[in-house]
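With chain A's structure known, arrange chains B and C with the ligands on it following the hints.
Chains as they are written, first to last, in the working numbering: chain A, 1 to 469; chain B, 1 to 448; chain C, 1 to 94.
Possibly wrong hints are sitting among the right ones.
As the list claims (entries may be wrong) - Computed far set for chain C versus chain A, every beta-carbon distance over 10 Å:
#1 A12
#2 D22
#3 Q37
#4 P66
#5 A73
#6 K78
#7 Y81
#8 A89
As the list claims (entries may be wrong) - Restraint ranges, calculated between C-beta atoms of paired labels, are given here:
#9 B/L200 to C/P48: 18 to 26 Å
#10 A/N250 to C/H7: 48 to 56 Å
#11 C/P69 to B/L380: 57 to 65 Å
#12 C/S79 to B/L200: 48 to 56 Å
#13 A/G138 to C/P69: 31 to 39 Å
Hint data in this document are derived by calculation from the structure and do not stem from the laboratory.
Cβ atoms here follow ideal geometry from the backbone N, Cα and C, with glycine treated the same way.
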Amino acid sequence: MNLNQLTIKQAKDGLLNKEFSSVELTKACLDRIKTVDEKINAFVTVTEKEALADAKAADDRLANGDDASLLGIPLSIKDNFCTENVRTTASSHVLDDFIPPYDATVVTKLKDAGMVLIGKTNLDAWAHGSSTETSDFGTTKNPWNTGHLPGGSSGGAAASIAADEVIAAIGSETAGSIRQPADWCGVVGLKPTYGRVSRSGVIAMASSLDSPGPITKRVEDAALILQVLAGQDKFDATTSPLAPDNYLKNLNKPISGLKIGVSDEYFDGVTDQVREKVMDAIKVVEKLGAKIVKIKLFPPKYTIAVYTILQRSEVSSNLARYDGIRYGNDRSFFGDEAKRRIMLGTYALSAGYYDQYYKKAQKVRTVIINDFNDAFKNVDLILAPTNPWTALPVGASKESPMYGEMADALVEPSSIAGLPGINVPCGLSKDDLPIGFQLIGPQFSESLILNAAHKYEQERQFFTNKPNL
Amino acid sequence: MKYTPVIGLEVHVELKTNSKMFCSCSADYFGQKPNTHTCPVCLGLPGALPVPNQKAIEWCVMIGKSLGCDTPLFSKFDRKNYFYPDLAKGYQISQYDEPFCVNGTIKLKSGKVIRIRRVHMEEDTGKLIHEGNISLIDFNRSGVPLVEIVTEPDFENALEVKEYLQKLQQIVRYLDVSNADMEKGNMRLEPNISLADSQLRIANSKNHKPSAISYLPPYKVEVKNINSFRFVEKAINFEIERQEKILESGKTPVQETRGWDEKKNQTVSQRVKEEANDYRYFPEPDIPPIRWTKEQLAQIQSQMPELPDEKFERFQKDFGLSDYDAEILTREKETADYFEEAVLVSKNKVLPKTIANWMINKKVDSQQTLPAALIIQISLTSQTSPTDEKELGKLIDEVFSQNEKAIDDYKNGKESAIMYLVGQVMKSSNQKLNAQTVKEKIIHKIKE
Amino acid sequence: MKIDVSHVAKLANLPLSKEEKDKFEKQLDETLEYVNQLEEIDTKNVEPTSQVTGLENVTREDIAAPSLPQEQALKNSKSTYNGFFKVKAILDES
Ligand SMILES: [Mg+2]
Ligand SMILES: [Zn+2]
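Excised from the complex, chain A in its bound form (with noise of 0.2 Å):
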């Protein structure tokens, strides 16, 4: 096995264990970017020197006995996560060449936990879409079959750790975009409850929903990260106060008697082959000592809408600073998909359309609260498919401009009521796409969550599939 391959908790013993260095596994990494990253395109920027650097930083610390919990680990960072004086566009020409003078509160975090930053990974630009082709660097292909499309908005990340391109990857979710191009991509992708994990220096999507989280290969590696991640923010007003739980200690509680919600409205519209893997995940669930609980939610398709109006009325706002003075360039090179997302944003908070849209939609919000509230009642976690369909032949997002709603449809009602879920690899399709199902749970139940998805992950093993690339 190649070091690019491990996982972080295989980096972190062989680095304790002074099997290999920080600077032998960064170049193994770095190695692996330069093969394959030209098929896949996940990185926006590649930062070989300073990783080499901090690499090297890392070997000495470790020399020293020093133990932080990331410490020599290759990272890939979203592209929409400010790095202090490494480039950061959100995949937008607005940012072409935009040199953060401060580090996103993620950010810093992981540096103090000792990671080496190897790169920023693409993603839909501003984050808006489910399938990177939006970005203006170009479309990050699948590792899986590069005709097909990664998802997205952090497709980049997700495609980096399916190619093995790095250890893990830190990805941001608004409705969708670290659960569905985790799922499409075959790995690992935990959105954390919001206000759990900083948004400070994230730059901003729709503010009511965004959460940064993990994309990793291993459930594990997901808890290992949130444990780094998680906390109150003095920089971010809507962090909570709470104290994060120690995520690793109950990863391998049994999960008998963990009662798991499934609802057939989470399987409308959803593929045979996609129903059949998630079938057999709920098997194994079971087999697992898990009590199926059948359910009745909201019908996702109503929160589409919900979610359409809030996200654009956010993005109108939150998109308004870009005018080219301070930084970047001026609003002319806003790609179609911001230019729309931003006019219909406008429109549902102008003068006569407010209450019609957004305040329609922010009503709706509080009645998806209200059935998730009154479904947690009966059950601990719930279970569904991550998304209706497989990875997508590149091009498909093309089409409609809700193209990414449809596709976000059966992860948006979650993000909306701010709570965590987790995809976890379930099985390939007939054509060798990966499948996935997520665990959704109430708010900060994130080591409930990664409890029974490591249980199922530790079962079923899916991780021993690897693309051919």
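Same frame as chain A, now just chains B and C with the ligands:
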């Protein structure tokens, strides 16, 4: 007069907090090198988030309370979206439908009440400097806490506006929450002016409270760029005349924003709005709402100093000062404090009225002369007439007969009542009496 | 329902070509048609939710901290002059 001016006022007051409204950059930007007081938040860099300043919020509530506002228990911030090069984020964080304070008043000397619609918290913009065909932007001011005070259109002339502004300035200075210096832009005013048909207005207001406006003209003109009380008076008078002429010619003035041009001494059209501004307000998702407990609001109230109106009344009552003296001495809090300090150190050997006279007529420099030094000065220079015991007794009896309440007050332990009586006696004499002697005699007489 | 694309573009400060306006008009109408489904949901006695955290009263103490140095503040700008950001004259001021 055929037309009655209908004038409302928006005032922005910059708070003198240590840090800005939503970031920890220093708010003390005046005279600093450009763009040296900025950070990702107030520069509106990608990803930066606002975290509100607790002190600024409390000060906003204080201003509201001192204007007699209601302070609802729930309040929130909203985004006001518009584009301008000095607006870093493309929106201003402000308050829309649930401001910190609503429904206040300021009472003018005439007894007329100006209603205050709302007092809310927001942030300042950067500063634009125009140089020929370019404009330069300094973001040092961006994000400085700003309190906006909005009146109902209750003013009818420039003098009322001026008096209101002076009172407002006095109040925020008393609260010590702003320098309220017009020239430095700490206090900025935007009057909106229109003219109503006087007949219609009277006819419509008959069934209402005297100050309630029931007839508003179908247009209004907003005037910006006013940086002194003098100019606000001029600008309003100019507008009244200008609009009158237009109305006389049978037309309606255009609804617009005008600026005060101090060189031309007139208002000039700034921009004809092709469409109404549409600020697309919505709740600020980055800042959780504010919910007060009654105790918290009481706590803020308890931190407020005595306000000018209360002080004015107390000075008259306790120290026997005239309207005129009390008004001058309470105009600025520092003067009032100096006076009270002098009264205290005089240990009743000098009449408060005499101290007031000295301060007002001799223009005592409070920076140079300590209150104690002033009292020594007064004592040394005060040559009093030898006392005619009999004459004095008569004067005291006369004053007693007219001021039974003050005597009762004194008997009930209100020490200050004695100084009032002393003042009355001194006033009724045509000679310069020794206050201490008068005081002793009065006390003696009361005890008889 | 038809969106007045020119008006909205002006509010949004987006320079759009005639082709873009036509294209967006069609696409935005399509999107609006989809979101109009929300009318089917009864929200009569429902309060709107703008934040999901339930947090309240999150503020910071009034303590000043160092700002960015001037050159850091200006370094990403394409147009500066003497420590200022520079733009073309703002037309509608005097
Ligand atoms: Mg204002
Ligand atoms: Zn700042």
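Structure-based check of each hint:
Residue placement check: C/A12 does not keep its beta carbon more than 10 Å from all beta carbons of chain A (closest about 4 Å). Residue placement check: C/D22 keeps its beta carbon more than 10 Å from all beta carbons of chain A (closest about 13 Å). Listed as a non-interface residue, C/Q37 fails to keep its Cβ farther than 10 Å from every Cβ of chain A; the least gap is roughly 5 Å. Once the 10 Å rule is applied to beta carbons, C/P66 is consistent with being away from chain A; the minimum gap is 13 Å.
The non-interface label for C/A73 is inconsistent with chain A: the shortest C-beta to C-beta separation is roughly 8 Å, within 10 Å. Distance check for C/K78 against chain A: the nearest CB is about 7 Å away, which does not clear 10 Å, and the non-interface claim fails. Under the 10 Å C-beta cut-off, the non-interface status given to C/Y81 relative to chain A holds; the minimum distance is some 12 Å. The non-interface label for C/A89 is consistent with chain A: the shortest C-beta to C-beta separation is roughly 14 Å, beyond 10 Å.
Hint check: B/L200 to C/P48, Cβ distance near 41 Å, so the stated range 18 to 26 Å is violated. Judged by the Cβ atoms, the range 48 to 56 Å given for A/N250 and C/H7 holds: they are separated by roughly 55 Å. Remark: the range hint 57 to 65 Å for C/P69 to B/L380 is upheld by a beta-carbon distance near 58 Å. The hinted window of 48 to 56 Å between C/S79 and B/L200 holds, with their beta carbons roughly 53 Å apart.
Between A/G138 and C/P69, the C-beta spacing of about 36 Å keeps the proposed range 31 to 39 Å intact.
Hints 1, 3, 5, 6 and 9, counting from the list given before, are not met by this structure.
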